[in-house]
Amino acid sequence: MIDLKLLQKDFDVMSAKLMRKGVDNTLIEALKKKNEELKAAKTAYESLQADQNAMSKEFGQLMREKKDVTELKAKVDANKINITQALETQRVAQETLESIAMSIPNIPDDDVPDGADENDNIEIKKVLTPREFSFTPKEHWELAEQNGWIDFERGVKLATSRFSVSFGMGAKLERALINFMLNFNAKRGFEEVSVPALVNRGALEGTGQLPKFEDDLYKVEGQELFLIPTAEVPVTNLYQDEILAADELPKKMTAYTSCFRKEAGAAGRDTRGMIRQHQFHKVELVALAKPDESDKIFEEMVACASDLLTALELPHRLVTLCTGDLGFGAAKTIDLEVWLPGQATYREISSVSNTRDFQARRAKIRFKDGKENTLVHTLNGSSLAVGRTLVAIMENNQQEDGSITIPEVLKPYLGM
RNA sequence: GGAUCUUUGGCAGAGUUGGUCGAAUGCACCGGUCUUGAAAACCGGCGAGGGUUAUACCUCCCAGAGUUCGAAUCUCUGAGGGUCCA
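All letters in the first sequence, in the order written, are residues 8 to 423 by the numbering used here.
Some clues are possibly wrong.
Below, in silico cross-link-like pairs of lysine to aspartate or glutamate (DMTMM-like), each with a Cα-Cα straight-line distance of 25 Å or less [said to hold, decoys possible]: (1) Lys219 <-> Glu231; (2) Lys371 <-> Asp277; (3) Lys297 <-> Glu198; (4) Lys46 <-> Asp254; (5) Lys46 <-> Asp10; (6) Lys219 <-> Asp121; (7) Lys12 <-> Glu379.
What the hints contain is simulated information worked out from the structure, not anything from laboratory work.
Taking the hints into account, I'd like the entire structure generated from these sequences.
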């Protein structure tokens, strides 16, 4: 959630920043107005309540002295009607304000480029040069089927479209990649955690998936539980509603989980292969940091993901997302895109974001900053999407006969 | 699934005939005195959110609803934990 106090104080600056992200100005105006209304309603209610409390105290006094209370009771009763009304006004104002505020995205950092969509993202740099093929490289689904690594039909048989099954070396490679990534991240100071794949509404509100993006989440019938769309949700919310000691920060964590997404808005996109699945494996990085160190941690996380790709000998590039392509909670995001020879294009394989205090404000994650309690900054990034990494290995390491060479760093994990 | 007990500040733990209770006490933590330094001892501070220039003031004792002039304390519902029975 954005900082309403700041909005109130620096309305012009804040609204200009939000408009860069495409937030409608009337919505921002409404938010400011509602915030003022709530303040007024609160003040009114609180002063009535103060009267009530004072009278109650007096009431007790009179009772003890065995004096007559009928007159006071009449006054109190009259006041009560006003309180009930004032409370209702306040409740409505609160609800309206929250429903608007919760649906407003984070403010982009000043150095995030303006832009409408992914075409306006800005490339920062390329790492490793894509290899020259002496033959026409195949797409990964062809290679996957030819090698017997992935079975798309049986995935559909078991569940529905956008599910697949890995066999043999395909399955082993997934496991090897997960272990390799977790170990790699651990060496960079990220502590491994293992978390639930189902979370409640509070957790999803904390990281911003709810209330706005419920359509893309799988919900357990009859329960307020959802399958996680990313490990970012459980890991970030680990410290929900807590006040951390300053010396506990930064908290750097890494977790492997399956992720589940309905892909509601992606009909027709990447229907073939395993680029976009309803269930996929991902190793995630999450960090909680002091505000003044979050930029540094952000760079560390980008470097970690990029170095991981380099270690796997996968050519990739780093891209700064423009305002239009930035996610709901992110103040800044750098995507890592891996080269896919079969498609002859770079495709997203990791996304590292700094949400600043946006999630922390929702999730109430703070730290003791001397005498003050201050919101932490939360950061998250994939390192990496396992399925897409497997795709990249298949396409980049394919030979003319369709066989695939295994990256050196994975061999120890495969008993090779 | 049935019965019963329980849920308080970072932790432990008082507080149930409703009224100076946002809440005793201990530990932890922070500051100070003492000490060459540390420990011990002693003194002081120490829950969160809102509000105010600062006070006042409001809210929060698992969550929600209710009774009452007034609830951490009473009633109901729900959730978590313990014990017993199945």
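Hints versus structure:
1. Lys219 <-> Glu231: At roughly 16 Å apart (the allowed maximum being 25 Å), Glu231 and Lys219 satisfy the hint.
2. Lys371 <-> Asp277: Roughly 37 Å separates the two Cα atoms, so the pair is violated.
3. Lys297 <-> Glu198: Measuring from Cα to Cα gives roughly 18 Å; hence the hint holds.
4. Lys46 <-> Asp254: At roughly 36 Å apart (the allowed maximum being 25 Å), Asp254 and Lys46 break the hint.
5. Lys46 <-> Asp10: The given pair, whose Cα atoms are some 15 Å apart, holds under the 25 Å limit.
6. Lys219 <-> Asp121: holds, 23 Å
7. Lys12 <-> Glu379: Answer holds: Lys12 to Glu379 is near 17 Å, not above 25 Å.
The structure fails hints 2 and 4 (numbered hints given earlier, in ascending order).
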